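Got chain A sorted already, so can you dock chain B onto it with the hints?
2 protein chains.
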Amino acid sequence: MSDLRGGIDLGGTKIQTAIIDAEGAVKGEARHPTPTKGGPADVAAAMGKALVEAAEAAGVEASELEGVGVGSPGDVDEKAGTVSTARNLPDWEGSFPLGDALEKDLGTKVRIGNDVQVATEAEYHLGAGQGLDSLIGVFWGTGVGGGLILGGKPWLGRGAAGEIGHMVIKRGGAKCPCGRRGCMEAYSGRAAMEAEARRRQEDGEKTDLFKLMEKHGKPRLTSSIWDRAIDNGDKLAIELIDRAIEALGTGIASAINLLDPEAIIIGGGLGLRFGERYMEPLLEEMRKHVFFETMPDVKMASLGDLGGAIGASLLVSR
Amino acid sequence: MSDLRGGIDLGGTKIQTAIIDAEGAVKGEARHPTPTKGGPADVAAAMGKALVEAAEAAGVEASELEGVGVGSPGDVDEKAGTVSTARNLPDWEGSFPLGDALEKDLGTKVRIGNDVQVATEAEYHLGAGQGLDSLIGVFWGTGVGGGLILGGKPWLGRGAAGEIGHMVIKRGGAKCPCGRRGCMEAYSGRAAMEAEARRRQEDGEKTDLFKLMEKHGKPRLTSSIWDRAIDNGDKLAIELIDRAIEALGTGIASAINLLDPEAIIIGGGLGLRFGERYMEPLLEEMRKHVFFETMPDVKMASLGDLGGAIGASLLVSR
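From first to last, the protein sequence lines stand for chains A and B. Under our numbering, think of the first position of the first sequence as 1, with each following residue one higher. Under our numbering, think of the first position of the second sequence as 1, with each following residue one higher.
Keep in mind that the hints were calculated from the coordinates and are not lab data.
The list makes no distinction among identical chains, and a pair is therefore deemed to hold if it is satisfied within one copy or across any two copies.
As a list, the in silico DSSO-like pairs of lysine-lysine whose alpha-carbon atoms are at most 30 angstroms apart:
(1) Lys288 to Lys175
(2) Lys153 to Lys299
(3) Lys299 to Lys27
(4) Lys153 to Lys79
Just so you know, these numbers come straight off a predicted model, no measurement behind them.
With the rest of the complex left out, here is chain A (with noise of 0.2 angstroms):
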């Protein structure tokens, strides 16, 4: 048994694994995309698959990992090791026992958690949010995920506390990809915003969004995208991306009137592309709304990409 522990980020995109030693650092990873078909036992089989090759780099056999943590989309039972409605993956609506698959597989103890709840405990842990006692972790993506650490410790409410993309920003406003209106992810989760940019073309307004899109062989408007379009000037991308955060200010200034954390950490794809760049409207925005004459630091997720990993490995020391 080494003191070496796994983490899986499971995304709609990407499966993200990284194998972390007790001080937090990182020993190896890998990268696979998620399987767009099959069902819950083949996305299982996909994150065996990437967590032995992260293994394998860090020098380890999996069976020897202290234990390995995943953090999950979807609703998921802590306890159970179960993962159900995980909308985002391929004929993911009922439960699947993903812990009991992923033991069988890897031969080492499995824990599953909330994929943002994980990555906030992350960067309050390991990156952006040490030392703090209250923060409100931010990930913006294809929707808007938030995860809370109040008191020193994760808030989850009755289990499924931090939807910060579901706060109303705009009553009677724009549909959600959830179906309610008016959330902030209405406006700024990068679905809803993909599903506006080709309504507006369909309706006439020009953009070479989709172009690009096709160009770089992608399958979706992502972050990337997104970026060379804004560099070429594309006005509705430009105009979607201001009204992104805008909504994005209007939410996290509702969440710190309520909560009056400390700090707002802001990790996500389209967070860790635009947050940096876009941190002045951001900030602005929020001075719009925000209460309080002291604003909470808004800072960036220092984790990236494997903060998700990193996050979920920790869910083996609980």
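For chain B alone, coordinates are given in the frame of chain A:
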């Protein structure tokens, strides 16, 4: 020295005092209007007088009390016992040593806390929130204040958490008394509702609200005036209350999505008067926006008008 404690709820319109025994039972109470002229020292004198009156009703001298707690609006420094920027109170912009002034007057120790937070703690320890692990207190009155209990403990953030009334429910929406735009309080607070009714009347809309106010000798549109106008079928009054309920439901839903608490407790002047009557439309509005399958319980504050004073008395044993 008795085991009785005093509590003072300092409001913009009234000073409510109560004497409470070790089990939380009310042994005496008194209520006085808040002075509208003078300054902090005059308000402190009126508070002392009201507390002495409650003590007499309980058959005890103020100096025999274990202590007296005060729930105050404005910026409260609990350690220093000072209150500043209490904008609804006469000439109370600067800092005033309310604790020292009352200690001299009453001859017993005095503790000061935030009015909404102590009312929330009263409901948690002795009222509708007993036995719960997490709740949000929503006090719907002149403004809309919030208090948080998370993991069985008050959550104050950096000191001022709970500003649920200033969560944004409509970006770019109505101007709030706080100066910002689109806050829940801009639609739901009594003061904002009164200002809107006045504007609409000046624009030619018909309403009996202000006639009723004069007829009943009130200086403002109190909850009882709104109640009468609605009972009379006053269209503008009904429209503005419906609008207030929609805004409350939206803002509360946002808070639930972030915190996933076990319960919401509704109090405050308007809350106590209209909460039960409008519970169904409030829940309906919340259901439109709550992200979780299971709604938290929504309960009425059970300590009523005395909750603030009872909660204030709990500060003594901190």
